[in-house]
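Enquirer: Chain residues, written in single-letter form:
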Amino acid sequence: MNIPPELKYTKDHEWVRIEDNVATVGITDFAQGELGDIVYVEVETLDETLDREEVFGTVEAVKTVSDLFQPLSGEIIAFNESLEDEPEKVNSDPYGEGWMVKIRLSEPSEIEDLLSAGDYKELIGA
Amino acid sequence: MKNTALTETHKALGAKIVPFAGYNMPVSYDGVNLEHETVRKGVGVFDVSHMGEFLIEGPKALELIQKVSSNDASKLTIGKAQYSCLPNETGGIVDDLIIYRIKEETYLLVVNASNIEKDWAHISKYNETLGADLRNISDDYSLLAIQGPKAVAAMQSLTSVDLSQIKFYNFVVADFAGIDYVIISATGYTGSGGFEVYCKNNEVQQIWEKVLEAGEGFGIKPIGLAARDTLRLEMGYCLYGNDIDETTSPIEAGLGWITKFNKDFVNAENLAKEKERGPERKLVGFQLEDRGIPRQGYDIVDGQGRKIGSVTSGTMSPSLGKGIGLGYVPLIFSETGSKLHIQIRKNAVPATVVRLPFYKSQ
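Line order of the protein sequences matches chains U and B. Residue numbers for the first sequence follow this note's numbering, beginning at 18 and rising by one. Residue numbers for the second sequence follow this note's numbering, beginning at 48 and rising by one.
Isolated chain U, as found in the complex (with noise of 0.2 Å):
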C-alpha cells in the first residue's frame, strides 16, 4: 500500500498535496484498489467555489459510482482533463498523473484537520 509520508489525507480516501495557497487533490491508492478499474472521472465544477464536504465531482468504477469530496474549502482551478480520455490513470499512478482536481484555499487553517500519513494509515488498517 502506498501512502506517501509527504500528502495530507482525508476520511474519504482523498490525498492533498498543498503548494503555496493550492491543493492538488486525487484519491488514494487504496481507494483505487477497493473500487476497481476507473472507468469515468466526471468534474463539473471547474471555476466553481465550494465549501469543505460539498461535492466536486465523480469517479465511477465498473459497478460503482462514488461521490468527490472537497477536502478543503476553496475555487477549483484546475481540472486533470487527460483523466476523461484516460481514466485508468487514476488506477496506474493515483498520485502522480492521477490528481483530480487543483484547489485554491479560500481557508487554509482547515488543512490542520488533514490526516498525516500516519492517521490514514491506522484509519485503513494499512
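Among the hints, a few may not be true.
Claimed, not checked - Computed footprint of chain U on chain B, listed as stretches where at least three residues anywhere in the stretch have a Cβ under 8 Å from a Cβ of chain U:
(1) 67-78
(2) 329-342
Stated by the list, open to error - From chain U, some residues computed to sit far from chain B (all C-beta separations above 12 Å):
(3) Ile-20
(4) Leu-24
(5) Thr-66
(6) Glu-70
(7) Glu-129
(8) Ser-133
(9) Asp-136
(10) Lys-138
Treat the hints as calculated values from the structure; they're not laboratory data. A virtual CB, placed ideally from N, CA and C, is assigned to each residue, including glycine.
Given the coordinates of chain U, assemble chain B onto it according to the supplied hints.
Expert: Leaving out everything else, chain B in the frame of chain U:
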C-alpha cells in the same frame, strides 16, 4: 452466506469476494477490463456454481415443463438445450432459465441463484396434479463457464469428444479433465463462444485446476462476476432482477422469440393478447452520444426532460469505450435510431436506441 466448492481457491488467487445471490462469489481477480478483454479475445473461466439446477424426470416431465415454461420444450431432442422463461400468472416473469434434455424423460433446468427457492415453489405448485419427479440438485452441482474464442482449442486436450463439433446450444455428456461424466454444453452468457461444464461439487476442484493448466498456453485467466455482467450487457442479454422481473412481460422484454403460443402454458392467453395488440413499452438498448455511464435506476427522459422510462442495466462498455444500457421506453421511442436522454446527475445526456447486440463478435 454460502460458499461454492471453489471459494477458497478464488481467495487464494487474490479474488475480490462479494456476497451475491446468497453466495460468496469472486467479483474480479485482475481487474474487470482485463478480464473482459481476455474473454473477448482469448479464453477465461468463471465459477458460476451459484446457479441453481433442478432435475425433472419421468413420463410427466415434458408436460410439466411445457406448462411452466414459455418456449416449446417439445422441440428439444436429447443433447439440445433451450433458453426459456417461467411466466407468472400476472403478466411478468418468475425467472429465465436454460432447459437441457438429458435423456428421453430427463430434463435439467438451470435457474438463477437468487430465484432457486421461488422457482422451486412455483414449479412444485404446477407439479401437484402432474406428479413428475422433481429434484433440486443445486447444492450438489458446480458449474464452470469456459468462454472465449480460444475455448475450443484450449480445452480440446481435456476430452475425447471433438469440441468443435458441439453446436451452439447443444451439449454432450462426456469425459472432461479426468472425470467420466460431465455435461459439456456449448452455451454461455458472454457472446464470445465457449462452453459451460456441469459437474459434481467434489469434482470441480480437479476440473478447475486442469482447465487452468490446459489453458495456460492460451493465456486463460479466471474471470469474475463483474466482467460477466459487462460481457452479457454488451450482448444485450437480459439479467433477471435488472431487465426482467415479476412485472415485465416476456413480450415487452423482447423475449417473444422464446414465447410460443402453439402450446398451453402459465398465462399464455394474456400474453398472446399482449403480443397481438402490441406491448405499450419495449426493452431497448441505447448508446450514449456523450461522456457518461448510464446506471440501473437512472431516468430515461425525452427532449423536454420528461421521464419516459428507467435504465434497467447500464455500464461503460469495455469493448466500445462508450456508455451503454438497457431500459423500457414507450413504443414510439423504441425504434432503432430513436433519440433519448439519460438523466445522469444534473445532465440529460443524449443517447440513441441501437440494434442489439452492442458488440458484434468477429
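Enquirer: Does the claim that Glu-70/U lies off the interface hold, with its Cβ farther than 12 Å from every Cβ of chain B?
Expert: holds (18 Å)
Enquirer: Take the segment 67-78 of chain B, compare each residue's beta carbon with every beta carbon of chain U, and decide whether three or more fall closer than 8 Å.
Expert: holds (count 3)
Enquirer: A cut-off of 12 Å on Cβ-Cβ distance, and Asp-136/U was said to be off the interface with chain B. Does that hold?
Expert: Given that every Cβ of chain B is farther than 12 Å from that of Asp-136/U, nearest at about 26 Å, it holds.
Enquirer: Would you assess whether Glu-129/U, listed as outside the interface, keeps its beta-carbon beyond 12 Å of every beta-carbon in chain B?
Expert: holds (32 Å)
Enquirer: Taking the closest pair, is the beta carbon of Ser-133/U still more than 12 Å from chain B?
Expert: It holds; Ser-133/U is separated from chain B by about 28 Å at its closest Cβ, greater than 12 Å.
Enquirer: So is Lys-138/U really clear of chain B, every C-beta pair being over 12 Å apart?
Expert: holds (21 Å)
Enquirer: Was Thr-66/U rightly flagged as not at the interface, with every chain B Cβ beyond 12 Å?
Expert: holds (18 Å)
Enquirer: Against chain B, does Ile-20/U keep a CB gap of more than 12 Å to every residue?
Expert: Holds: least Cβ distance 20 Å, greater than 12 Å.
Enquirer: Quick check: do three or more residues in the segment 329-342 of chain B have a beta carbon closer than 8 Å to a beta carbon of chain U?
Expert: holds (count 4)
Enquirer: Decide, holds or violated, for the assertion that all CB atoms of chain B are farther than 12 Å from the CB of Leu-24/U.
Expert: Leu-24/U clear of chain B: closest Cβ-Cβ about 25 Å, beyond 12 Å.
Taken one by one, the earlier hints all hold for this structure without exception.
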